[in-house]
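Colleague: These protein sequences, in sequence, are chains P and U.
Sequential numbering from 1 applies to the first sequence in the numbering used here.
Sequential numbering from 1 applies to the second sequence in the numbering used here.
Don't read these hints as lab results, they were simulated from the structure.
Fair warning: there could be bad hints in the mix.
What the hints assert, rightly or not - Simulated DEER-style distance windows between Cβ atoms:
1. 19(U) <-> 117(P): 18 to 28 angstroms
2. 192(U) <-> 154(P): 20 to 30 angstroms
3. 180(U) <-> 206(P): 41 to 51 angstroms
4. 109(P) <-> 19(U): 27 to 37 angstroms
5. 77(U) <-> 117(P): 42 to 52 angstroms
By construction, the Cβ of each residue, glycine as well, lies at the ideal position given by its N, Cα and C atoms.
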Amino acid sequence: MGLDFTVIPEYFDVLLLGMAWTVAITIGAGLLSFFGGIVFGVIALYGHWTIRLPFRLFAWLFMGTPLLLQLFLIYFGLIQIGIDLPAFVAGVIGLGLHFAVYNSELIQASILAVDKGQYEGARTLGLSSGQTLRRIVIPQAVQAVVPPMGNNMIALLKDSALVSVIGVAELTLASQQAISRTYRPFEFYIAAAACYYVINLCLEAVLRRLERRIAAQR
Amino acid sequence: MSDTPFVDIRHAAKSFGALEVLKDINLTVERGQIVAIIGPSGSGKSTLLRAINELDPLTSGEVWLEGVQINKKLPHRQYEKHVNQVRQDIGMVFQHFNLFPHLSVRDNITLAPKMLKGMSTADANKLAEEQLANVGLSDKIDVFPSRLSGGQKQRVAIARALAMKPKVMLFDEATSALDPELVEEVNLVMKKLAEQHMTMIIVTHEMDFAASVCDRVLFMDQGVVVEEGPPSVIFQNPKEERTKNFLRKHLSR
Chain P
1 MGLDFTVIPE YFDVLLLGMA WTVAITIGAG LLSFFGGIVF GVIALYGHWT
51 IRLPFRLFAW LFMGTPLLLQ LFLIYFGLIQ IGIDLPAFVA GVIGLGLHFA
101 VYNSELIQAS ILAVDKGQYE GARTLGLSSG QTLRRIVIPQ AVQAVVPPMG
151 NNMIALLKDS ALVSVIGVAE LTLASQQAIS RTYRPFEFYI AAAACYYVIN
201 LCLEAVLRRL ERRIAAQR
Chain U
1 MSDTPFVDIR HAAKSFGALE VLKDINLTVE RGQIVAIIGP SGSGKSTLLR
51 AINELDPLTS GEVWLEGVQI NKKLPHRQYE KHVNQVRQDI GMVFQHFNLF
101 PHLSVRDNIT LAPKMLKGMS TADANKLAEE QLANVGLSDK IDVFPSRLSG
151 GQKQRVAIAR ALAMKPKVML FDEATSALDP ELVEEVNLVM KKLAEQHMTM
201 IIVTHEMDFA ASVCDRVLFM DQGVVVEEGP PSVIFQNPKE ERTKNFLRKH
251 LSR
């Protein structure tokens with residue numbers, strides 16, 4: 001049986017819709033992981049121990065167990081305690097929190113790397129420690145963390161394929177649906193791979209622009 | 001009120017563990033006075049300066065500014081509020097400028113007036129323009145600090161501090177990190193401030209500057225004020241042997 005890529009245009013709309021879901025999940029989970037990462041990072045560094053300890057446990061749980069398992073737990077497990085999340089929401093939360101924990105490690109390191117003089121400069125003007133953190137330290141820490149965090153975002157995009165297992169019709173699941181109708185796995189997996197590659201190129205372009213804009217200030 | 005000094009430091013002492021860096025220092029500064037603190041490194045002069053705005057709180061002793069005690073003993077939350085309030089009246093300029101690299105020159109200057117004094121953006125922008133004109137950097141208002149020379153950075157830092165309309169300005173070796181050819185532009189700005197009768201306390205290694213601008217000079221060594229007086233006396237007729245030794249080394253350079 002030879003390869004026949006001409007079947008792909010027929011399922012273009014299916015793939016396109018899958019791509020749209022993949023992009024939506026990546027953006028949703030990406031935003032959650034970004035802001036969650038900052039919040040977790042600040043908690044880990046400055047939180048009262050009664051918050052910090054449970055957070056450590058939570059972070060360990062998310063870093064030490066498979067993402068797939070976490071998705072199952074959030075989507076199928078939480079129903080048992082009365083929390084019935086739509087698959088898309090469960091996917092965004094699972095992916096988002098998973099990567100938020102990784103991002104928080106990056107943020108912590110870069111907050112600690114901000115020069116002591118920056119705190120002193122802000123505090124002598126009369127800013128409180130909270131204001132200093134919000135307006136002076138965190139913005140600088142975030143700028144410094146854009147390149148490594150960009151790598152996490154690319155990893156997040158690729159790992160978004162995992163949410164196909166909880167029934168979100170993103171790119172991977174969409175191509176599987178096309179395959180089940182056409183019996184042409186090679187062609188559609190290649191097509192899906194190409195789509196991921198295109199999204200990845202866009203993401204990288206955005207990240208590069210962001211890095212350049214930050215570099216222009218330094 | 002007239003008999004209470006503007007800045008009043010009483011029995012200031014500070015130690016880091018067993019190391020005493022300040023030993024029972026008393027210092028008063030009148031409004032509009034310009035005081036230089038000189039001395040070898042490790043003499044405690046920066047620590048004393050940083051104690052005035054609670055960056056390095058004293059172990060014991062009191063710091064007063066215009067009848068308000070800066071280093072009040074208060075419960076943590078009230079203390080923070082109090083310190084944030086009084087720091088608005090005390091401008092500080094650092095050796096390494098400490099400009100905020102992620103903000104433009106304009107935002108460096110307007111941040112605190114907007115945040116802490118509730119100033120409108122329009123008013124704050126006008127203030128930034130005034131302050132920058134004052135230090136001769138009007139054309140740099142939309143530039144980021146990384147594009148400035150050291151001397152320009154320090155002038156922006158001075159403008160930023162002045163934008164809070166402080167009652168007193170503290171200079172912690174403001175020109176020590178600058179290339180020699182950039183020192184003068186910062187000195188000129190400080191001289192101009194002196195002419196405007198800003199109260200200033202200046203920690204410096206530049207004896208010529210201290211001699212020409214300051215009303216009083218304090219020589220510190222090993223955590224004590226060894227000698228103080230008008231610059232003409234301290235630089236030309238010091239009484240103490242330690243002062244003489246220090247000046248001999250510094251003036252022969």
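Colleague: Hints first: check each against the structure and report whether it holds.
Modeller: Going down the list of hints, with the structure as the test:
1. 19(U) <-> 117(P): 18 to 28 angstroms: Roughly 23 angstroms apart at Cβ, these two residues keep to the hinted range, so it holds.
2. 192(U) <-> 154(P): 20 to 30 angstroms: violated (53 angstroms)
3. 180(U) <-> 206(P): 41 to 51 angstroms: holds (45 angstroms)
4. 109(P) <-> 19(U): 27 to 37 angstroms: holds (32 angstroms)
5. 77(U) <-> 117(P): 42 to 52 angstroms: violated (26 angstroms)
Hints 2 and 5 from the list above are not met by this structure, while the remaining hints are.
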